[in-house]
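Student: What follows is each chain in one-letter form.
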Amino acid sequence: MTNERLQEILARHAGSEGPLLPILHDVQRAFGCVSPDTQQAIAQALNLSRAEVHGVVSFYHDFTEETDPRPCVQLCRAEACQARGVEALVEAAEAAAGNRVRIAPVYCLGLCSVGPAARIGDALHARLDAASLARLVEAA
Amino acid sequence: MMKVRISDDSLALALGADSVADAFAAAGAVVERTSSWGMHWLEPLVDVDGIGYGPATVDDVSAILDGTSALCIGPIAEHPFIKPQQRLTFARAGRTRPLSLEDYEATGGWAGLRRAQAMSGDAVIAEVTQSGLRGRGGAGFPAGIKWKTVANAPAPRKYVVCNADEGDSGTFADRMLMEGDPFQLIEGLAICAHAVGAQTAYIYTRSEYPHAIAKLRAAIDLAAAIIAPLHMEVREGAGAYVCGEETSLLNSIEGKRGVVRAKPPLPALEGLFGCPTVVNNVLTIAAIPHILSEGGAAEYAALGVDRSLGTKPIQLAGNIKHGGLYETAFGISLHDLVYAIGGGTASGRPVKAVQVGGPLGAYIPPAQFDLPFDYEAYARADALIGHGGVVVVDDSADMGRLARFAMEFCAVESCGKCTPCRIGSTRGVELIDRIRAGAKVLDPVGALPQMHNAPKTARTADQDIALLEELCETMKFGSLCALGGFTPYPVLSALRHWPEDFQ
Numbered sequence: 001m002t003n004e005r006l007q008e009i010l011a012r013h014a015g016s017e018g019p020l021l022p023i024l025h026d027v028q029r030a031f032g033c034v035s036p037d038t039q040q041a042i043a044q045a046l047n048l049s050r051a052e053v054h055g056v057v058s059f060y061h062d063f064t065e066e067t068d069p070r071p072c073v074q075l076c077r078a079e080a081c082q083a084r085g086v087e088a089l090v091e092a093a094e095a096a097a098g099n100r101v102r103i104a105p106v107y108c109l110g111l112c113s114v115g116p117a118a119r120i121g122d123a124l125h126a127r128l129d130a131a132s133l134a135r136l137v138e139a140a
Numbered sequence: 001m002m003k004v005r006i007s008d009d010s011l012a013l014a015l016g017a018d019s020v021a022d023a024f025a026a027a028g029a030v031v032e033r034t035s036s037w038g039m040h041w042l043e044p045l046v047d048v049d050g051i052g053y054g055p056a057t058v059d060d061v062s063a064i065l066d067g068t069s070a071l072c073i074g075p076i077a078e079h080p081f082i083k084p085q086q087r088l089t090f091a092r093a094g095r096t097r098p099l100s101l102e103d104y105e106a107t108g109g110w111a112g113l114r115r116a117q118a119m120s121g122d123a124v125i126a127e128v129t130q131s132g133l134r135g136r137g138g139a140g141f142p143a144g145i146k147w148k149t150v151a152n153a154p155a156p157r158k159y160v161v162c163n164a165d166e167g168d169s170g171t172f173a174d175r176m177l178m179e180g181d182p183f184q185l186i187e188g189l190a191i192c193a194h195a196v197g198a199q200t201a202y203i204y205t206r207s208e209y210p211h212a213i214a215k216l217r218a219a220i221d222l223a224a225a226i227i228a229p230l231h232m233e234v235r236e237g238a239g240a241y242v243c244g245e246e247t248s249l250l251n252s253i254e255g256k257r258g259v260v261r262a263k264p265p266l267p268a269l270e271g272l273f274g275c276p277t278v279v280n281n282v283l284t285i286a287a288i289p290h291i292l293s294e295g296g297a298a299e300y301a302a303l304g305v306d307r308s309l310g311t312k313p314i315q316l317a318g319n320i321k322h323g324g325l326y327e328t329a330f331g332i333s334l335h336d337l338v339y340a341i342g343g344g345t346a347s348g349r350p351v352k353a354v355q356v357g358g359p360l361g362a363y364i365p366p367a368q369f370d371l372p373f374d375y376e377a378y379a380r381a382d383a384l385i386g387h388g389g390v391v392v393v394d395d396s397a398d399m400g401r402l403a404r405f406a407m408e409f410c411a412v413e414s415c416g417k418c419t420p421c422r423i424g425s426t427r428g429v430e431l432i433d434r435i436r437a438g439a440k441v442l443d444p445v446g447a448l449p450q451m452h453n454a455p456k457t458a459r460t461a462d463q464d465i466a467l468l469e470e471l472c473e474t475m476k477f478g479s480l481c482a483l484g485g486f487t488p489y490p491v492l493s494a495l496r497h498w499p500e501d502f503q
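Chains as they are written, first to last, in the working numbering: chain A, 1 to 140; chain B, 1 to 503.
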């Protein structure tokens, strides 16, 4: 089953130029990670070495080798959100998250004039304070 | 029936625009989703026959429909934030539906492309050169010269790559343009491809911008027949800041680690897949349709100061009362931007500094706020305008901590190719920690008995600061790209203007 889905992803990108990143994105979305076995299969399909694929997977923040089933709240920690007080919210967010939710830093969601900002999946949230962020984390 | 216009820009969405729109629809109004005017402190901004209300919530809907809402800001186009702007790149912002070909055509869309297609590539490049357009991504390289290099390079295949990897904190103009007026970017790319003889155009943008990616992909599908036979594709980055550097970006599209390539060869001669490639930022490409429309180049060249011609979309961000997008001719002062237009800090406390040009830009103290927005004036002041982000911090900011953050960011995001950036940034974090701890700690390696020539006493704070300055010089002149090369700007400017924050 896993293999079928992988083959389907590889087929979708056959013939395109420089397909590795689009393939890795699709794999990460479909399986929640790019496992060593998957890397091996991708390498074979693209006529690359396993090390080359591993090098690319490990270079980019978006790709992981293991899945983390917890919901993820990305909290922008870049300068503009810092200027709007995001650092003071981190503790409240982590307290609300406990072990159930993953709080991950992100460097800029492009909402720099209305921070602090967060992203859950493709949903964005801005003008956060400790209470609204804690509510978001709890609902994640 | 009443027609209500509400932005579907992701910033408006982050502030609840969808639920406000739904509430208007439920109340019987016709809702149209447009791009954002860029007055972010008023988002979600509701436009009822040109009259604005904001920031609106679901609870304000009935009062807005009655015309009794206290959120009324009067005619939007006459608002003091909008009226003085010189909007060329963002001329459609707030006025059109992003994915409407009809709206785009009705507001002058495709006029530049049609005119360009009737001209030779060389003639198009001559007009771009005449306009004085320089790269809006930060480096400020003249667009016409880059295009000419690619056009003249003999090669069977050529590429156009739009650098839409807007990773700088405090910048969002690329995102707004991609989400609000995607056809303008597509038109600019098509003109560029025609001018240089490219068959394929890639737009490389960030995975942090899912809405921009979706809008662009939809817009490319809608415009496919208009730009044919040009093939255009969006490529999604994967969270690496350094991929905003043009050579890293090319490696990333090729499916490699996003490490920097040494130059030469220039991408204009050996770029994507080894072929001649134009790499231009979103705002550079988006300025093209206007320049290529009748008389546009001369109009563009008439704006600005000195060698910085045309308009610059400036992003007011951070701790600022009236944050948003402000497009104006080059030459405007920081003082006007921060106080007159931005209204000072959102917190109401005094402004301590502004960082211009993203995480790699210098921190500028209020004493230097008369500095005009101009590539050369900033360079002379040891600063950079970069992508035009203006991030305000108030007097509660700890500049030593921000300097440390700049080094740490560089350490985390370094591609690792060159030593000054890879090692220097980590050493920079350690040094700043040591300086701020105020402790005289003997260098652990220097303390080893076999290190005969190492000083056997701990460095003083002054010596550590001198070392930090020297480290910054090494990074500045020894790094392969702007990540290592420009990180010294925020660090040294913080150290120079706020030395007390390092004690």
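Source of the hints: derived by calculation from the structure; they are not laboratory data.
Since we're looking at a predicted model, the values are computed, not measured.
You may find that some hints are simply not true.
Claimed, not checked - What follows is a set of in silico ranges between Cβ atoms, one per label pair, in the way DEER data are often shown: (1) A/Arg12 - B/Ala126: 51 to 57 angstroms; (2) B/Pro264 - A/Pro105: 34 to 40 angstroms; (3) B/Asp443 - A/Arg12: 51 to 57 angstroms; (4) B/Gly197 - A/Arg12: 26 to 32 angstroms.
What the hints assert, rightly or not - Chain B regions said to be covered by chain A (calculated; three or more residues, Cβ under 8 angstroms): (5) 4-16; (6) 106-116; (7) 183-193.
To be verified - Chain A is faced by these chain B residues, among others (derived, beta-carbon under 10 angstroms): (8) Ala139; (9) Asp168; (10) Ser169; (11) Ser207; (12) Pro210; (13) Ala214; (14) Val259; (15) Leu269; (16) Phe273; (17) Ala317; (18) Gly344; (19) Ser347; (20) Glu500.
All residues carry an ideal CB built from backbone N, CA and C; glycine is no exception.
Student: Does each hint hold? Answer for all of them.
Tutor: To see whether the hints hold, each was checked on the structure:
1. The beta-carbon spacing between A/Arg12 and B/Ala126, approximately 42 angstroms, falls outside the hinted interval of 51 to 57 angstroms.
2. Take B/Pro264 and A/Pro105: their Cβ atoms lie about 36 angstroms apart, and the range 34 to 40 angstroms holds.
3. At about 54 angstroms, the CB distance of B/Asp443 to A/Arg12 agrees with the hint of 51 to 57 angstroms.
4. Separation of B/Gly197 from A/Arg12 is about 30 angstroms and conforms to the stated range, judged on CB atoms against 26 to 32 angstroms.
5. Figure legend: the segment 4-16 of chain B, annotated as covered by chain A; annotation consistent (5 residues with Cβ-Cβ distances under 8 angstroms, at least 3 required).
6. With a threshold of 8 angstroms between beta carbons, the proposed coverage of the segment 106-116 of chain B by chain A is violated, since 0 of its residues qualify and at least three are required.
7. For the segment 183-193 of chain B, the proposed coverage by chain A is not satisfied: 0 residues have a C-beta within less than 8 angstroms of a C-beta in that chain, short of the threshold of three.
8. This hint is violated: B/Ala139 has a C-beta 20 angstroms from the nearest C-beta of chain A, more than the 10 angstroms allowed.
9. Contact between B/Asp168 and chain A, as hinted, is supported at the beta carbon level, the nearest pair being about 7 angstroms apart and thus within 10 angstroms.
10. At a threshold of 10 angstroms, the smallest CB-CB gap from B/Ser169 to chain A is about 3 angstroms, leaving the interface hint in force.
11. Checking B/Ser207 against chain A by beta carbon gives a least distance of about 5 angstroms; that is within 10 angstroms, so the hint holds.
12. Hint status for B/Pro210 relative to chain A: holds, with the closest Cβ pair at about 4 angstroms, below 10 angstroms.
13. Because the smallest distance between the Cβ of B/Ala214 and any Cβ of chain A comes to about 8 angstroms, under 10 angstroms, the interface hint for this residue holds.
14. Hint status for B/Val259: holds, given a least beta-carbon distance of 8 angstroms to chain A, under 10 angstroms.
15. Interface restraint check for B/Leu269: the shortest CB-CB distance to chain A comes to about 19 angstroms, outside 10 angstroms, so the restraint is violated.
16. For B/Phe273, the shortest C-beta to C-beta distance to chain A is roughly 7 angstroms, which falls under 10 angstroms, so the interface hint holds.
17. For B/Ala317, the suggested interface contact is upheld, since its CB lies about 4 angstroms from the closest CB of chain A, less than 10 angstroms.
18. The interface hint given for B/Gly344 is broken, as the beta carbon of that residue sits about 13 angstroms from the closest beta carbon of chain A, more than 10 angstroms.
19. The closest approach between the C-beta of B/Ser347 and any C-beta of chain A is roughly 8 angstroms, which is under the 10 angstroms cut-off, so the hint is satisfied.
20. Nearest Cβ of chain A to the Cβ of B/Glu500: about 19 angstroms, over the 10 angstroms cut. The hint is violated.
Of the numbered hints listed earlier, those contradicted by the structure are 1, 6, 7, 8, 15, 18 and 20.
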